[in-house]
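**Q** Quick note, the sequences are listed as chains A and B, same order. The numbering used here numbers the first residue of the first sequence as 1 and each following residue consecutively. The numbering used here numbers the first residue of the second sequence as 1 and each following residue consecutively.
These are computed hints drawn from the structure, not numbers from a lab. These figures come from a predicted structure and were not determined experimentally. Glycine included, each C-beta is placed from N, C-alpha and C at the ideal position. Check before you lean on any hint, since a few could be wrong.
No more than 27 Å apart at the CA atoms, straight line, and that leaves these computed lysine-lysine pairs for DSS-like [said to hold, decoys possible]:
1) A:LYS126 <-> B:LYS33
2) B:LYS401 <-> B:LYS434
3) B:LYS353 <-> A:LYS243
4) B:LYS103 <-> B:LYS29
5) B:LYS29 <-> A:LYS125
6) B:LYS29 <-> A:LYS126
7) A:LYS109 <-> A:LYS126
8) B:LYS11 <-> B:LYS33
9) B:LYS121 <-> B:LYS33
10) B:LYS353 <-> B:LYS121
11) B:LYS11 <-> B:LYS103
12) B:LYS434 <-> A:LYS243
13) A:LYS125 <-> B:LYS353
14) B:LYS353 <-> A:LYS126
15) A:LYS238 <-> B:LYS434
16) B:LYS416 <-> B:LYS441
17) B:LYS121 <-> A:LYS125
18) B:LYS73 <-> B:LYS103
19) B:LYS441 <-> B:LYS377
20) B:LYS377 <-> B:LYS416
21) B:LYS121 <-> B:LYS2
22) B:LYS73 <-> B:LYS416
23) B:LYS103 <-> B:LYS3
24) B:LYS3 <-> B:LYS29
25) A:LYS181 <-> A:LYS66
26) B:LYS401 <-> B:LYS377
27) B:LYS300 <-> B:LYS434
28) A:LYS126 <-> B:LYS121
29) A:LYS125 <-> A:LYS109
30) B:LYS401 <-> B:LYS416
31) A:LYS238 <-> B:LYS353
32) B:LYS121 <-> B:LYS29
33) B:LYS29 <-> B:LYS353
Some chain A residues flagged as far from chain B (calculated, every beta-carbon gap over 12 Å) [unchecked claim]:
34) MET1
35) HIS51
36) HIS174
Now the in silico label distances, taken between C-beta atoms and shown as ranges [what the hints assert, rightly or not]:
37) B:GLU193 <-> A:ALA70: 27 to 37 Å
38) B:SER189 <-> A:MET112: 49 to 59 Å
39) A:ASP77 <-> B:LYS121: 47 to 57 Å
40) A:GLY76 <-> B:ALA117: 33 to 43 Å
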Amino acid sequence: MELRFLHFYPDLMSLYGSWGNLALLRRHLEDLGNTVTVEEIRPDQEACLEHADFIFMGAGTERSQKAALADFSRFGDEMRRAADSGVTMLFCGTAMQLLGQSITDAAGKYFMGVRVGTFSSTQGKKRFVGDVYGHTDLYQSPVVGFMNSCTLISGVVTPLATDLSMGFGNEQEHGPEGFRKNNVFASELTGPILVKNPPLMRKVIAAIYDHRGEALPETLPTYPMEEESYRIACRELKARAEKP
Amino acid sequence: MKKFLAILVCKLGHFIGGFVGKGSSMPGKFALKICPYILRQVTLPPYIIAVTGSNGKTSTVEMIAAILRSEGKNVVYNEEGSNQIEGVTTTVLTHSTFGGVMKADVLLIESDERYAAHSFKFFHPTHFVVTNLYRDQLTRNGHPEWVFDALQPAMFPETRLILNADDPLSSCFGVGRDNVVRFGLDRCSLSTEEPSGAYHDGAYCPVCKSPMEYRYYHFNHIGAYHCENCGFVRPDSVDYTATDLDLEEGLLTIDGALTIHLAFRSIYNVYNILAAYAVCRECGVSAERIGKVVNNYILKNGRMVRFLLGAHHGMLLTSKHENSIAYDTNLRFVRSTEDPCTVVIIVDAVSRKYYTSETSWLWDIDFGQLNCEHVEKVLLCGQYASDLAVRFSFTDVPQEKIELHPDITEACASLKERGAEDVYVLTCFSDRDKLLSQVEKEAV
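Work the whole structure out from these sequences, hints included.
**A** The structure is reproduced here in structure tokens:
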């Protein structure tokens, strides 16, 4: 297949190695024989979301996030249409908040989101920081990552991680984390979440194939180093989570 | 009475702590319990210099102390590295008379970025040096703008700020205020037209978030920036300037007159020297005096260690984990060497102070710099060797040069048995002893 990726705000929203998600996803899809083109979109640049196979935005600071939102608002209608039609998306870190109804910053200023989801984000002066070990109803194996956020997100009905044995979720410790709707994946977990979670990578790839109406090859390439990293992270974080 | 008691308890606590090897913050903590306002009641020296920033604090503080001491000044600083309010209290009270007068000409404080506002609640620095604000320890700090906001309340109007003009974010502390001096590096042989690094934190203006332009870069997003939208700009002339720099020859010229030979030919060292130079000049030390002290100055803080491993001569370049610019700078240094070498990267414990399995910072490091002919092998070591391997698969470093050794002891043994090329080891405080216990240290 010829696959078209849209990468929103590659410099503005680029904290915590978010770019690793896009780079690794591209490699895996190319290994399956696909051609991938990535269109980078910066503020004020034109973009057509129709016929996109994957839409991505990485994490940014709270100030960068507002600058991104000021531009991204113009894509609200297209984003909702794309999400409803099953386009695969990944929004990482503070980018997740853009998908909701609204963001209220630490000074109480209100910003309207693009309303793919019905949740609202409230930023504060305290950061919730720590390793995360949890579970999802997408697959059996654990979700691993790191939470670093100053935001409480309320009103998520369909989270990405359904419960956490360790760490902060959207609203509370051990609570659900992230957001999912059709093929839209979003998480406040920082950094290269797809690199850290090979099972989630496989779900994203399956979603891209599914949206195109194509069947995934029966045997997929293996990536021993990625699996080993995941194995170690799961082992270490599980031990930590179970520590009395 | 409370003041006397607090000082007594602090001095005693510090004395006993010295025997039992306990940290330096506990005596100050007790003293603050007895007398919460003790720091307001002590007579402090005329110069109170604070140094903060993501990178280079310890080295800069060490050089400032060396320069001021060479002038015969009695400098007291928190050498033991405890840089929050309790540690500062210990430092102040253990160097005070029982009547509450500090016996020093200069109080020099390496200050934690996030806690500076709290540390300086009871007294304000006369001079505040900000070396830089980079991506550093997201597990504690979040991101650089978060640290900026935490630090802002400690930038008191009467405090003279000494800022790195070439770093856009820390330079923002000077926007809209007086009492600021800046240090910076002019365009030089290592300046480039394009930024380096795995990300570009200078792409957008830190003041208004419009796209920012650069006339040149020195490294990463450090250079001569300007924003067309709001006018935020690296000033054309700064107060203390490195007017020429030749890292190959190891020569730094400050303000067109003072030439300094660099013991360690790294851009890092240059900025630390510049920061120390700027604040010492502000305290009335002559350029010549500073030149004499920092010329060929070898840091004593052990961030760089030479060692022998079998027939290999090695150099440990301490690079803070979770700090991509610290790594990038050391990788650039390795790239600038010419003789064939092996590079060892160890990521085993991300931090020595807290547990985390967080490795996203590896994606912020420009490991591609090791793609050069004289780097013959790259050994990826420690528990997170496989995370490093995945990251390296996105560089142009040929896969046949890369070896994986999760076991650090085994990696050292394997190196010892073969070859005699130079070895550079990049790792953090949390992991460096795992190497140092396997090698024979050499005098620097």
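**Q** For the pair supplied as a hint, LYS125 of chain A and LYS353 of chain B, confirm whether the alpha-carbon distance does not exceed 27 Å.
**A** Cα-Cα ~24 Å, so holds.
**Q** Is it true that the CA of LYS416 of chain B sits at most 27 Å from the CA of LYS441 of chain B?
**A** Judged against 27 Å, a Cα distance of about 14 Å means the pair holds.
**Q** Is the Cα-Cα distance between LYS441 of chain B and LYS377 of chain B 27 Å or less?
**A** OK: LYS441 of chain B and LYS377 of chain B at ~22 Å, within 27 Å.
**Q** With a cut-off of 27 Å on the C-alpha distance, tell me whether LYS434 of chain B and LYS243 of chain A pass.
**A** 26 Å, holds
**Q** Does LYS33 of chain B sit within 27 Å of LYS126 of chain A, going by the straight-line distance between their CA atoms?
**A** Holds, because 25 Å separates the two Cα atoms, which is no more than 27 Å.
**Q** Does the structure keep LYS238 of chain A and LYS434 of chain B at a Cα separation of 27 Å or less?
**A** 25 Å, holds
**Q** With the threshold set at 27 Å, check whether the alpha-carbon distance from LYS103 of chain B to LYS29 of chain B stays at or below it.
**A** 21 Å, holds
**Q** Taking C-beta pairs only, is HIS51 of chain A more than 12 Å away from all of chain B?
**A** It holds; HIS51 of chain A is separated from chain B by about 28 Å at its closest Cβ, greater than 12 Å.
**Q** Would the pair LYS29 of chain B and LYS126 of chain A pass a check requiring their Cα atoms to be no farther apart than 27 Å?
**A** Between LYS29 of chain B and LYS126 of chain A the Cα gap is close to 24 Å, so the pair holds against 27 Å.
**Q** For the pair supplied as a hint, LYS401 of chain B and LYS377 of chain B, confirm whether the alpha-carbon distance does not exceed 27 Å.
**A** Holds, because 5 Å separates the two Cα atoms, which is no more than 27 Å.
**Q** Between the alpha carbons of LYS121 of chain B and LYS2 of chain B, is the straight-line distance 27 Å or under?
**A** Roughly 19 Å between the alpha carbons, so the hint for LYS121 of chain B and LYS2 of chain B holds.
**Q** Does the structure keep LYS121 of chain B and LYS125 of chain A at a Cα separation of 27 Å or less?
**A** 19 Å, holds
The earlier numbered hint that this structure contradicts is number 22, and it is the only one.
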